[in-house]
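Enquirer: Starting from the known structure of chain A, fit chain B onto it as the hints suggest.
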Amino acid sequence: MNLNGIDLPKILVFSTEKISDPAVDMAGLLKLHYPPRVYTIPIPCSSAVKPRWILKAFEQGFDGVFIAADGTDCPYGESCTDKTGAIVQRTHNMLKEQGIDTARLRMAAICSVCSEAFVKQMKNFTEYLVKQKTT
Amino acid sequence: MKSKIGVYICHCGGNISDYVDVNKVRESVKEIQGVEISIDTMFACADSSQKQIAEDIANKKLDALVVASCSPKLHYPTFSAVAERGGLNKYNYVHANIREQVSWAHSDNKEGATEKAIKVVKSAIARVKESVPLEPIEVKAQKSIAVLGAGVAGMRAAKELADLGIQVYLIEREHFVGGRISQLDFLCGADITGKELVTQLYEKIHKHPNVTLFTGAEVIEKGGSIGNFKVKVKITPRYIKDECNPEQLQKAIDVCPVEVEDDFNFNITKRKAIYRNYDSEYPHFPTIDSKNCTRCGECEKVCSSIDFTQKEEIIDLTVGSILAATGFDPYQPKENEFGWGIENVVTLPQFRRIINMCDNKLIYKGKEIKDIAYIYCVGSRQVEGDNKYCSRYCCTATLYTSILTHKKYKGIHSFHFNRGIRTYGKQEVIYDEASRLGDIFLQSYEYDPPVVTKVNGKTNVKIEDLLTGGKEIEVNADLVVLVTGMEPRNDCSIGDVLKIPKGRDRFYNEIHMKLRPVETVIDGVTIAGACQGPKNIMESMNSALSAAAKSYSIVNKGELALEPIIAKVDKDTCVWCGKCAEACPFDAITKVNANGKEIAEINASVCKGCGMCLPVCESDSIDMDGFTNTEIESMINVLAEN
Chain A
1 MNLNGIDLPK ILVFSTEKIS DPAVDMAGLL KLHYPPRVYT IPIPCSSAVK PRWILKAFEQ
61 GFDGVFIAAD GTDCPYGESC TDKTGAIVQR THNMLKEQGI DTARLRMAAI CSVCSEAFVK
121 QMKNFTEYLV KQKTT
Chain B
1001 MKSKIGVYIC HCGGNISDYV DVNKVRESVK EIQGVEISID TMFACADSSQ KQIAEDIANK
1061 KLDALVVASC SPKLHYPTFS AVAERGGLNK YNYVHANIRE QVSWAHSDNK EGATEKAIKV
1121 VKSAIARVKE SVPLEPIEVK AQKSIAVLGA GVAGMRAAKE LADLGIQVYL IEREHFVGGR
1181 ISQLDFLCGA DITGKELVTQ LYEKIHKHPN VTLFTGAEVI EKGGSIGNFK VKVKITPRYI
1241 KDECNPEQLQ KAIDVCPVEV EDDFNFNITK RKAIYRNYDS EYPHFPTIDS KNCTRCGECE
1301 KVCSSIDFTQ KEEIIDLTVG SILAATGFDP YQPKENEFGW GIENVVTLPQ FRRIINMCDN
1361 KLIYKGKEIK DIAYIYCVGS RQVEGDNKYC SRYCCTATLY TSILTHKKYK GIHSFHFNRG
1421 IRTYGKQEVI YDEASRLGDI FLQSYEYDPP VVTKVNGKTN VKIEDLLTGG KEIEVNADLV
1481 VLVTGMEPRN DCSIGDVLKI PKGRDRFYNE IHMKLRPVET VIDGVTIAGA CQGPKNIMES
1541 MNSALSAAAK SYSIVNKGEL ALEPIIAKVD KDTCVWCGKC AEACPFDAIT KVNANGKEIA
1601 EINASVCKGC GMCLPVCESD SIDMDGFTNT EIESMINVLA EN
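Respectively, the protein sequence lines represent chains A and B.
Residues in the first sequence are numbered consecutively from 1, following the working numbering.
Residues in the second sequence are numbered consecutively from 1001, following the working numbering.
Chain A on its own, in the form it takes in the complex (with noise of 0.2 Å):
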């Protein structure tokens, strides 16, 4: 599948089942469409990713891995901003290890009804994943 002669980007979401997963699910309700190359894996809480899950999307030949944060939404405590950024920041790290462009990797808060905010960051974000595999 492509765009504009382009293969279109894949993106693999880490969502949250209690939080994220009910806005994506209402986008899909709403129609609200976004790339059909964005996949989805359900996670208890976003600070739950492992940077070695998100290295082996990369290395699996993924182009960005979302990470569909709670925010202050968690069910399980206000630390879970801090300790998804810290995991999103130490992925940094590696990736830049790795030489691998560390704007692939990106996070975002998405509570139960935020819906047109996961398309809005699904579409940006796919356009910026087209961008760089033109340049």
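Treat each hint with caution, since some may be false.
[As the list claims (entries may be wrong)] Covered stretches of chain B, going by a simulated chain A footprint (3 or more residues, C-beta under 8 Å):
| no. | segment |
| --- | --- |
| 1 | 1098-1104 |
| 2 | 1108-1114 |
| 3 | 1517-1529 |
| 4 | 1618-1627 |
Hints are computed from structural coordinates only; laboratory data are not their basis.
All residues carry an ideal CB built from backbone N, CA and C; glycine is no exception.
Expert: This is chain B only, laid out in the frame that chain A set:
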């Protein structure tokens, strides 16, 4: 690793198969190693399909199950129960969401949707291959429920739950109970008034030992999770002592110099800063409107029950479930919308208050009203506005109001400018009665609505009437009544606190309107009444009973069977660095000695399965069932394939 996997792919009528080539999905997965059968089905959730899946599990000795259908929020419990009925452990079942996250999300791209569906199903197969059987963890659930909103739905739910032995905290933002129904002096199809209905319900909950009522109170924070929510409630002062003198209080109301618009009467009258909406209102004490009170002290001079020393309070409650019944707001017409702004144009809620205030003659702004033009669907079924929905109650309410005006006053002529009358069910008899009383019905399409103008002191309503073949008909009305529909509450801050999703109509959204009609995606939070969408009183009561039953089912046993998805430590590789214990927000991890070395140990009853300990472990010695490296990485491998 599982080697006899059953894969079932649902068409969901056409919700999936209209956009996803289900046959192609089935063909793409049938040869995968370990897949014993792959079948597509029109409705996987149908009883016959469930039975077939359970029989296949038993007869073909399947060791794992994948169902690709709608969101797991909707049918994960259904199919995990099917797995159990077939003899499988339910944790050997994986749900693939190919509706909300595939067919609906990519209904603009069938090729892309099909490609994505294939990968989503393949990744589910990869995950289920690595799954292991687990047993649920039992946790305590508080046998208490917070009911938000003391309108008829909230009070009905509170009464029902209290009768079932549950401690109910009924939390009402206003200082009086009853909500919108207390503004109604007549109810269609009932022998009692709205106020009497509120009184009946209040008396039941007021005397009930299991109900604690908070008025002037709202939930400002929610923490915890299903079975054990921690809510913070802010209670604003009433400034009236509990033991008060009714005569002195009336004097206090009389002497109050502040007059403001009375929102109870939809701003057609004024009220004082110390007020009660009507004499029999509950609780019986008036309240002081702190936003408008000037603290002039006049009331204190004549009434010893006034107490300005009362302070705002914050209290903490622990509840097992939360039932939200926070109601609706009537639609407020925009300037010039169907003549809104002309002096004799009012809304239906205002008109009903006017009828309540006029005994023998119907008088508004000093003029007797004889000719009344009702304009329907104002703020509902909008062509250009956001409110595309039908507000359901208004056709019946208007016709019943019209009938009442005929019965109460002489010489009334009613003209109904409608877009098709929707008096569904038994309410049709109201339509029939209004017709027999001589009411005139004029109908238009939504794109050609009636026009209201003021000409020579008369308010004129003009329509191209469908029922007379498009003939232009004009009515000079003494009063134009805009039949306004329901809208979500303007102040929906409670929805933000509870994080309840909203639908396209901006009302709170249930998981499924037929299958899970009162549950929200926030586990343990149910919704009832008109906060969920336009409803009449009977429908609100029914949904309140349904939500009460659902919330009750969560807390009644005093314990909940929770997912046994908890962290586990690899004793061989753990070298205790303590970072997992630091990351755990529940203090579920402790240091122990095992075979001569210090390692981390997880307390299974305390661990909530958040996984915060997973990424901080430098030796990668912590995993979580369902989210192990093997499971997640096998999914990544499949999803990344070209």
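Enquirer: For a quick check of understanding: which of the numbered hints are violated here, in increasing order?
Expert: As far as the earlier hints go, not one is violated by this structure.
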